[in-house]
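Chemist: Residue-level listing of the chains:
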Amino acid sequence: MVSEEAIREIPAELRGELATRLVDLLLEAKEGVKLPSSKAKRLLQLWSLGELLESDEGLGLLLEGAAAVDPEGLKGILDEYGLERLKGEVLG
Amino acid sequence: MRFGIEFVPMDLYWRTVFYTIQAEKLGYDHVWITDHFNNRNVYVTLTLIANYTERIKLGPGVTNPYLVHPVMTAQAVASLNEIAPGRVVCGIGAGDRTTLEMVGLEMKTPLRAVREAVEIIRRMVAREKGGYEGRVFRTTGGARFNFKVQQSIPIYIGAQGPKMLRLAGALGDGVLINASHPDDIAEAMKHVREGVERGGRSLSDIDVAAYTSLSVAEKEKKARKAAIPVVAFIVAGSPPQILERHDIPVEAAEGIKKALAERRWADAFGAVTDEMIEAFSICGTPETCIEKIEALSRMGVTQFVAGSPIGPKVRSSIDLFGREVIPHFKE
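So the protein sequences, as listed, match chains A and B.
No gaps in the numbering here: position 9 of the first sequence is 8 in numbering that gives the first Met the number 0, and each next residue is one more.
No gaps in the numbering here: position 226 of the second sequence is 225 in numbering that gives the first Met the number 0, and each next residue is one more.
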């Protein structure tokens, strides 16, 4: 689980762009099957409610999902945005 | 003009559902899920879509009566209708001969099989009493649902050849014309109109859907590149008269077919020409797509179905089409 504190440290102006990039990473990952079914269902629920890209829970879920299906790709994105603490928390 | 989108459930279930939710948010009206035994199950996918959406109409596009008996198709769409009341549609066609042969099924009397399947599905959904005596299918009076279906379920007939198009015009609540080019749609519309007249109906009684291959992107070049693999398969499967209509040499199509069969992808895709892309897809920038869809609309098409590949990146292309093309026709 990504902590709420780590999510809240993401600068507000970055959140939308980061969320969209994580969605694309999830949708295009070769190992998409590694996304646990429970997370996939919650992701769809938040997406249908319009809360996936904006909420803390949605962003946390996208980060966890991205770590499961394409950790290297996620590392690259987090490095690009300089989100070191978040990287440490999500990728260990 | 209504807008539909087609997905082939080759991809993970949650991706197909994700894209459908996205499409619903952007104003697409229908989602069609293809039915092939070698992909994920169509009704499992549709059930999940029904669960996560509120407005978009949904249905198989298309199932066939050889692999799935019409009473089972009726049962599936009727059950789905309980999860998505009034949103379910049912697309049915003769199926793909090659795929049927893979499982030892012969596509016998396709027109009759589709006609009888449509009649049986309608009877089952309406819980009509009495059996059905067809030449392909028979049911006894006991073949009735133990539950009521609250809404009607429109049946669309998937068609490409003249006879099936006429049947669709005469019998369907809608027709799914498997074509993208105005010349092919114009030819198909002649037959649909004939069918409509034979059925004593008017063209406005049915939803005429162009089931196209779409590739939309900000840059023309990217859209064309994404269209190539799908166009290769369409060219390989097209009958000679359709190839000739577009001045595509039959030998070129044969070459692509052979390369695909031998899994020589680079050869197959490398042989796809601009003329082939033009003939078998709606491809280009949103502006180009608008022009092409307008041409189809003038011919009587009332639903545009955005079929595979949709674009170089599915999410971005669904978004681009939803933001820049659909509003042009809705506003």
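To be clear, the hints were calculated from the coordinates, so they are not data collected in a lab.
Do not rely on the hints blindly, as some may be mistaken.
As the list claims (entries may be wrong) - Below, a list of computed lysine-lysine pairs in the DSBU-like style, where the Cα atoms sit at most 35 Å apart:
| # | chain 1 | residue 1 | chain 2 | residue 2 |
| --- | --- | --- | --- | --- |
| 1 | A | 38 | B | 56 |
| 2 | B | 257 | B | 56 |
| 3 | B | 189 | A | 40 |
As the list claims (entries may be wrong) - Sample of chain B residues lacking proximity to chain A, with all beta carbon distances greater than 10 Å (derived):
| # | residue |
| --- | --- |
| 4 | 14 |
| 5 | 24 |
| 6 | 101 |
| 7 | 262 |
| 8 | 285 |
These figures come from a predicted structure and were not determined experimentally.
Where is the CB? At the ideal position from N, CA and C, for every residue including glycine.
Chemist: It remains to establish, for every hint, whether it holds in the given structure.
Modeler: Hint-by-hint comparison with the structure:
Between the alpha carbons of residue 38/A and residue 56/B the distance comes to roughly 26 Å, so the proposed pair stays at or under 35 Å and holds. For the hint linking residue 257/B to residue 56/B, the alpha-carbon distance of about 38 Å lies beyond 35 Å, and the restraint is violated. Note on residue 189/B and residue 40/A: the hinted pairing is violated, with a Cα-Cα distance of about 46 Å set against a maximum of 35 Å. Chain A draws residue 14/B into its interface by the beta-carbon criterion, the shortest separation being 6 Å against a cut-off of 10 Å.
At the 10 Å boundary, the C-beta of residue 24/B falls inside the reach of chain A, the nearest C-beta of that chain being 8 Å off. At roughly 25 Å from the closest C-beta of chain A, the C-beta of residue 101/B stays outside 10 Å, upholding its exclusion from the interface. Every beta carbon of chain A lies more than 10 Å from that of residue 262/B, the smallest distance being close to 19 Å; the non-interface claim holds. Here residue 285/B stays apart from chain A, with its beta-carbon at least about 20 Å from theirs, past the 10 Å limit.
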